[in-house]
Amino acid sequence: MKSKLSFSDLINFITQETGASKKLVYDLIKELAAIIEEGLIRDGNVSIAGLGSFKLEFVGSNIRKLPQSENYREISEHKKVLFRPEKSLREFINRKYAALRPIIVDEPKKNVIVKDISQNKIEKTNDKVIEKKIKIAAESIPVINKEEQANKENRVPVIIPISNNVEKKTTDLKKFVDKKLGDQSNNTKVYYAVGVVILLLILSFFLFRNKPEIEYSQTPQLIEASTESGDNLTQKPENRDLNILPQTNNIASHKIERGDNLWALATKYYGNPYLWPNIYRANESIMKNPDVLIEGHELSIPSLEGDSKNLSENDNYNIALGYLKAYLKYKELGKTKASLYLWAAKKFDQSIVQKYRETLQKRDLKLWAHTEKEELRIN
Amino acid sequence: MNTAEVIRLLSQRLNKPQKEVKSLLERIIEAFRKVLDSGKRASIPKFGTFYSIERKSRLSFNPGIKKKMELPPKVIPAFRPSAILKNKVNSGDENEE
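Chains as they are written, first to last, in the working numbering: chain A, 18 to 396; chain B, 455 to 551.
Careful, some of the hints might be misleading.
[As the list claims (entries may be wrong)] Subject to a maximum C-alpha distance of 20 angstroms in a straight line, what follows is the list of computed PhoX-like cross-link-like pairs (lysine-lysine):
{"hint": "1", "chain 1": "A", "residue 1": "40", "chain 2": "B", "residue 2": "470"}
{"hint": "2", "chain 1": "B", "residue 1": "473", "chain 2": "A", "residue 2": "47"}
{"hint": "3", "chain 1": "A", "residue 1": "72", "chain 2": "A", "residue 2": "97"}
{"hint": "4", "chain 1": "B", "residue 1": "500", "chain 2": "B", "residue 2": "542"}
{"hint": "5", "chain 1": "A", "residue 1": "354", "chain 2": "A", "residue 2": "379"}
{"hint": "6", "chain 1": "B", "residue 1": "510", "chain 2": "B", "residue 2": "500"}
{"hint": "7", "chain 1": "B", "residue 1": "500", "chain 2": "A", "residue 2": "40"}
{"hint": "8", "chain 1": "B", "residue 1": "522", "chain 2": "A", "residue 2": "72"}
{"hint": "9", "chain 1": "A", "residue 1": "113", "chain 2": "B", "residue 2": "476"}
{"hint": "10", "chain 1": "A", "residue 1": "352", "chain 2": "A", "residue 2": "363"}
{"hint": "11", "chain 1": "A", "residue 1": "47", "chain 2": "B", "residue 2": "500"}
{"hint": "12", "chain 1": "B", "residue 1": "528", "chain 2": "B", "residue 2": "488"}
{"hint": "13", "chain 1": "A", "residue 1": "363", "chain 2": "A", "residue 2": "326"}
{"hint": "14", "chain 1": "B", "residue 1": "510", "chain 2": "A", "residue 2": "47"}
{"hint": "15", "chain 1": "A", "residue 1": "305", "chain 2": "A", "residue 2": "379"}
{"hint": "16", "chain 1": "A", "residue 1": "40", "chain 2": "B", "residue 2": "510"}
{"hint": "17", "chain 1": "A", "residue 1": "97", "chain 2": "B", "residue 2": "500"}
{"hint": "18", "chain 1": "A", "residue 1": "352", "chain 2": "A", "residue 2": "383"}
{"hint": "19", "chain 1": "A", "residue 1": "47", "chain 2": "B", "residue 2": "528"}
[What the hints assert, rightly or not] Coverage of chain A stretches by chain B, computed from C-beta distances (three or more under 8 angstroms per stretch; other residues unrestricted):
{"hint": "20", "segment": "279-291"}
{"hint": "21", "segment": "315-322"}
[As the list claims (entries may be wrong)] Cβ pair distances, simulated, as ranges:
{"hint": "22", "chain 1": "A", "residue 1": "91", "chain 2": "B", "residue 2": "467", "range": "39 to 45 angstroms"}
{"hint": "23", "chain 1": "B", "residue 1": "513", "chain 2": "A", "residue 2": "40", "range": "49 to 55 angstroms"}
{"hint": "24", "chain 1": "B", "residue 1": "469", "chain 2": "A", "residue 2": "21", "range": "28 to 34 angstroms"}
{"hint": "25", "chain 1": "A", "residue 1": "116", "chain 2": "B", "residue 2": "462", "range": "38 to 44 angstroms"}
Hints were generated in silico from the structure; no laboratory data involved. By construction, the Cβ of each residue, glycine as well, lies at the ideal position given by its N, Cα and C atoms.
Okay, chain A solo, but in the shape it has when bound:
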């Protein structure tokens, strides 16, 4: 039991222990207390071997509520005397507990799993199918007789005891379903991964598809060169050189105004907007993009040999060439609609595509092959 030792009792005890005189012990303890006090005031820290260290700690001013009343009291800043016992002293006092060590407390895991299933899994997923599965599985469990159980015990060491109530069975089944759910979640992850891979493949397909544009971007230069040597025109299309353009007379020159486009110009001068590549072909050196016209530039509008409804062979060739140039330009610009112009070029003049077949992209040529076959069938 705890009891308080008075100072005289303490001195008596110490004199018995040490064998020194009472006066000496008294004086020493008094002086010791005085020295600690002085040391605290002077240094703020006094350490005594075998006992511990005394330390002064600064406490700032604060307001505290007085207990059992609504009044507050301000506590001014002050210093607090702290005592930190030495490790040897702590070990000496705690020697009876020295053998004891902290023990890990195991919690019952079964309850936790049941809670997880009943509250979290089912509530969160809100899936009625799971509950149905549990019910069906619970019903499908065969009720084993004691004799059967005894027979089976030899084969299978772990059997769900029949005496247990249905709840236990359902909990085990819930665990099973939970595992299944976990597998499903893994499967979904796999599906996601497969989806991402497919997307990447599609992207790479488009990238590789657009790559050859760089190769084909050189071809317009050839055609440009051909535009310069347009004087060497031969009238018969069979004898035409690939790089030689048919000569055409310009019917007019048009100064580009705000809101103009090739489609509109073709309708204005030819009466057929689909003949716009003829204008583009003649002005390719000025235009960097068939879709963009720069205000103030002058466009030369080449004349047609025939009518817009009855085009001559040369007209068809010119327009086909215009479509081909548009195709090449759009390829250079990386536009997906480029292959449409190749198809249009084919429509106007099949021979031009065959002549340029080597320089054209095989993929684009193949793209319209099936439509041609269908047309042949129809015809």
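With chain A's structure known, arrange chain B on it following the hints.
Relative to the frame of chain A, chain B by itself:
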């Protein structure tokens, strides 16, 4: 202030050799330890009281291993300064200022 300085000051004030003071101080501290071990409160007038606090075993959560643990009981030696010492410590500071 460390133990050597305390012994030096004690020998000066008690007019005793340091060796004697040192051995006596060690024996006194040993007696103090025994008093604290017995669970008794030992008070020194105008200075304070030495006592020991018994802590019961308790459940605690170890964040390192993320498990609950039962900690064993232990005894903590403590010191409660007297009001006189508290005042002196704080007044001494004021006088310095």
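Now the hints, each set against the structure:
Proposed proximity of residue 40(A) and residue 470(B) is supported: the alpha carbons are some 13 angstroms apart, at most 20 angstroms. For the proposed pair residue 473(B) and residue 47(A), the alpha carbon gap of about 19 angstroms is at most 20 angstroms, so the pair holds. Distance check on the hinted pair: residue 72(A) and residue 97(A) sit about 8 angstroms apart at the alpha-carbon level, within 20 angstroms; holds. Proximity of residue 500(B) to residue 542(B) is assessed by CA-CA distance (about 10 angstroms); at most 20 angstroms being required, the pair is judged to hold.
For the suggested pair residue 354(A) and residue 379(A), the alpha carbons sit about 16 angstroms apart, so the restraint of at most 20 angstroms is met. For the proposed pair residue 510(B) and residue 500(B), the alpha carbon gap of about 32 angstroms is over 20 angstroms, so the pair is violated. Distance hint between residue 500(B) and residue 40(A) is fulfilled; the C-alpha atoms sit about 18 angstroms from each other, no more than 20 angstroms. Among the hinted pairs, residue 522(B) with residue 72(A) is inconsistent with the structure: their alpha-carbon atoms are about 34 angstroms apart, more than 20 angstroms.
A hinted pair counts as satisfied when its Cα atoms are at most 20 angstroms apart, and residue 113(A) with residue 476(B) does not qualify at roughly 29 angstroms. Annotation: proposed proximity of residue 352(A) to residue 363(A) holds, straight-line Cα distance about 19 angstroms (limit 20 angstroms). Proximity of residue 47(A) to residue 500(B) is assessed by CA-CA distance (about 9 angstroms); at most 20 angstroms being required, the pair is judged to hold. A C-alpha spacing of about 16 angstroms is found between residue 528(B) and residue 488(B), which places the hinted pair at or below 20 angstroms, so the restraint holds.
Note on residue 363(A) and residue 326(A): the hinted pairing holds, with a Cα-Cα distance of about 18 angstroms set against a maximum of 20 angstroms. About 35 angstroms separates the Cα atoms of residue 510(B) and residue 47(A), which puts this hinted pair outside 20 angstroms; it is violated. Between the alpha carbons of residue 305(A) and residue 379(A) the distance comes to roughly 25 angstroms, so the proposed pair goes past 20 angstroms and is violated. Restraint check: the Cα-Cα separation between residue 40(A) and residue 510(B) comes to about 40 angstroms, which exceeds 20 angstroms; the hinted pair is violated.
Only pairs whose Cα atoms come within 20 angstroms are accepted, and residue 97(A) paired with residue 500(B) is accepted, the gap being roughly 16 angstroms. Between residue 352(A) and residue 383(A) the alpha-carbon distance is near 18 angstroms, which keeps this suggested pair within the 20 angstroms criterion. Taking the CA atoms of residue 47(A) and residue 528(B), the gap is about 31 angstroms. The hint is violated against a cut of 20 angstroms. Counting residues of the segment 279-291 of chain A whose beta-carbon sits less than 8 angstroms from any beta-carbon of chain B gives 0, not enough to reach three: the coverage restraint is violated.
With 0 residues having a Cβ less than 8 angstroms from any Cβ of chain B, the segment 315-322 of chain A misses the three-residue criterion, and the hint is violated. A beta carbon spacing of about 40 angstroms between residue 91(A) and residue 467(B) agrees with the range 39 to 45 angstroms that was offered as a hint. The beta-carbon spacing between residue 513(B) and residue 40(A), approximately 52 angstroms, falls within the hinted interval of 49 to 55 angstroms. Range check, residue 469(B) to residue 21(A): about 33 angstroms between beta-carbon atoms, so the 28 to 34 angstroms window is met.
As the Cβ distance of residue 116(A) to residue 462(B) is approximately 41 angstroms, the hint placing it in 38 to 44 angstroms holds.
Violated hints, listed in ascending order, are 6, 8, 9, 14, 15, 16, 19, 20 and 21; each of the other numbered hints is respected by the structure.
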